[in-house]
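S.K.: Just need the whole structure built from these sequences, with the hints factored in.
Chain order of the listed sequences is G and V.
Counting from 1, one number per residue, gives the positions in the first sequence under my numbering.
Counting from 1, one number per residue, gives the positions in the second sequence under my numbering.
Fair warning: there could be bad hints in the mix.
Capping the alpha-carbon separation at 30 Å, the derived lysine-lysine pairs in BS3-like fashion look like this [to be verified]: (1) K80(V) <-> K141(V); (2) K360(V) <-> K29(G); (3) K115(V) <-> K64(G); (4) K64(G) <-> K32(G); (5) K57(G) <-> K78(V); (6) K64(G) <-> K239(V); (7) K64(G) <-> K368(V); (8) K64(G) <-> K208(V); (9) K57(G) <-> K116(V); (10) K78(V) <-> K28(G); (11) K150(V) <-> K57(G); (12) K57(G) <-> K80(V); (13) K98(V) <-> K57(G).
No wet-lab data here; the hints were simulated from the structure.
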Amino acid sequence: MKKAKEEKENRVEYGTVSLPLPLIEKIKKRIKGTGIPSVSSYVAFVLRELLSDKSEKEANQRVKERLRMLGY
Amino acid sequence: MNEKNIVIIIIDALRPKNLSLFGYSYETDENLKKIAKESILFKNHFSSSNSTAPAVTSILTGTYSNTHGIIHQLPYTKPKEMEKFDRTTKFWFPDFLKKKGYETIAIDWIGLWFKKGFDYYGEGEEKKDYIKPAEPFRSAKEITNLAIEKISQSKKPFFLFLHFWDTHFPFPHVMYKEEYEESSLYNLLENIKDAKQRKYLKDRIAGKNLYSIKGMINKYDLAIKSVDNELGRIYDFLKSSELWDKTVFIVMGDHGTNLTEHGIYFSSSGLYDDSIHTPLIVHFPKFGAREIKQFVQNVDIIPSILDYLKFQTENKFDGKSFLKLIRDGSPIRNEVFSVDGLCEDIKSIRTKKKKLIIAKNNFCNLCKSKHHEGIETYDLEKDSWESVNIHQDRKNL
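M.R.: Spelled out as structure tokens, the structure:
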């Protein structure tokens with residue numbers, strides 16, 4: 001019972017978003033052959049990047065700079 | 001519940017060849033040896049990756065790169081890898097422990113998905129020049145001070161994840177001055193036949209007061225020694241605070257490094273043993289000390305901690321608990337698997353006697369050169385240096 005509750009707490013809930021069909025087709029063309037399994041996965045990924053706040057973007061920029069200093 | 005604290009210490013790019021614990025003639029590891037006397041020393045621990053982002057993700061999920069999705073090292077990690085990690089990863093050790101009531105502390109700088117589940121993640125207060133950092137990472141001494149401060153303040157069982165970077169090229173915190181000799185630098189670079197490797201190394205050492213192979217190796221050894229000093233401080237702190245016997249304590253390399261072997265200069269590119277063989281030392285309170293020669297991998301660490309602490313989870317890991325191996329010597333694996341996080345697509349499988357490396361795409365994102373060619377097979381009993389590819393000789397497969 002306890003394990004089922006923990007599993008339920010870990011599960012991410014999903015909602016539905018509408019997109020114009022031409023846009024969906026455009027995304028399908030873009031993700032073809034990339035390994036990304038669905039339009040939903042791609043959209044979720046892009047939106048997470050877009051919605052990350054300014055401080056997070058600055059932090060990511062600093063990480064890139066540090067990696068560059070290490071030779072990457 | 002008899003909860004123990006958990007400490008996982010990563011020493012970046014640490015390879016066994018430069019430790020006296022593994023036969024090196026220079027004692028770089030006085031404190032590591034002290035810790036090993038009260039711990040399990042795994043002599044044949046192999047990382048699932050030759051680079052940090054995939055390797056540490058494997059440690060914290062107990063799964064291989066092909067499962068969790070992160071195959072390539074930052075900044076070469078592809079968007080589809082991060083997307084797969086986001087979508088499919090159900091178990092993340094810091095999250096799991098937080099739900100168990102642990103305070104979760106990480107002293108590291110990478111951030112991104114590594115921050116998940118940690119109550120504290122960072123290297124301390126941002127220094128003033130925070131847009132363009134003056135140094136790639138804080139010194140071992142500074143982050144040890146922070147680690148000790150954080151665990152001293154903890155009022156709950158704690159999980160400390162501590163990542164020392166001092167052993168990563170170009171070893172910026174090591175005070176070592178080499179006499180500049182034009183001939184040394186010229187000889188160093190001219191001996192590199194591959195033009196792309198030559199350019200890569202020339203650019204990488206520019207302005208860093210490094211002029212010879214010997215100088216770079218000396219610096220690496222000094223970097224190990226400086227981290228070892230800090231290990232000693234952490235060990236002494238845990239002992240004096242009476243936490244040592246209440247703490248699962250692990251020290252390991254996330255991956256190895258080549259110093260010049262195989263024509264690979266101060267990086268962990270490729271999947272030769274130097275890139276993936278790393279020390280692993282595990283202190284489980286009341287388990288005593290011994291040396292284990294059978295194979296283990298980084299993916300086995302979390303399943304083993306969960307097994308030791310008797311924490312239950314429905315999650316399926318690629319790794320296996322090595323508790324039975326410690327208790328009665330029963331091997332948990334006969335082979336180890338690794339994926340190249342710096343080259344585009346190279347994988348390896350290694351047994352005690354043979355190694356198979358399959359390079360579908362050997363372009364190296366780091367040095368822009370190529371490592372490994374097609375299919376390589378090495379007879380490790382006769383050729384531990386992995387210098388003669390016997391793949392063409394079918395009888396030996």
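S.K.: Each hint needs a verdict: does it hold in this structure or not?
M.R.: Hints and how they fare:
1. K80(V) <-> K141(V): Status violated; Cα separation ~37 Å.
2. K360(V) <-> K29(G): 26 Å, holds
3. K115(V) <-> K64(G): Distance ~16 Å between K115(V) and K64(G) Cα, so the pair holds.
4. K64(G) <-> K32(G): 28 Å, holds
5. K57(G) <-> K78(V): 18 Å, holds
6. K64(G) <-> K239(V): 38 Å, violated
7. K64(G) <-> K368(V): 18 Å, holds
8. K64(G) <-> K208(V): 20 Å, holds
9. K57(G) <-> K116(V): Answer holds: K57(G) to K116(V) is near 16 Å, not above 30 Å.
10. K78(V) <-> K28(G): 18 Å, holds
11. K150(V) <-> K57(G): 26 Å, holds
12. K57(G) <-> K80(V): 19 Å, holds
13. K98(V) <-> K57(G): Distance of about 26 Å is within 30 Å: holds.
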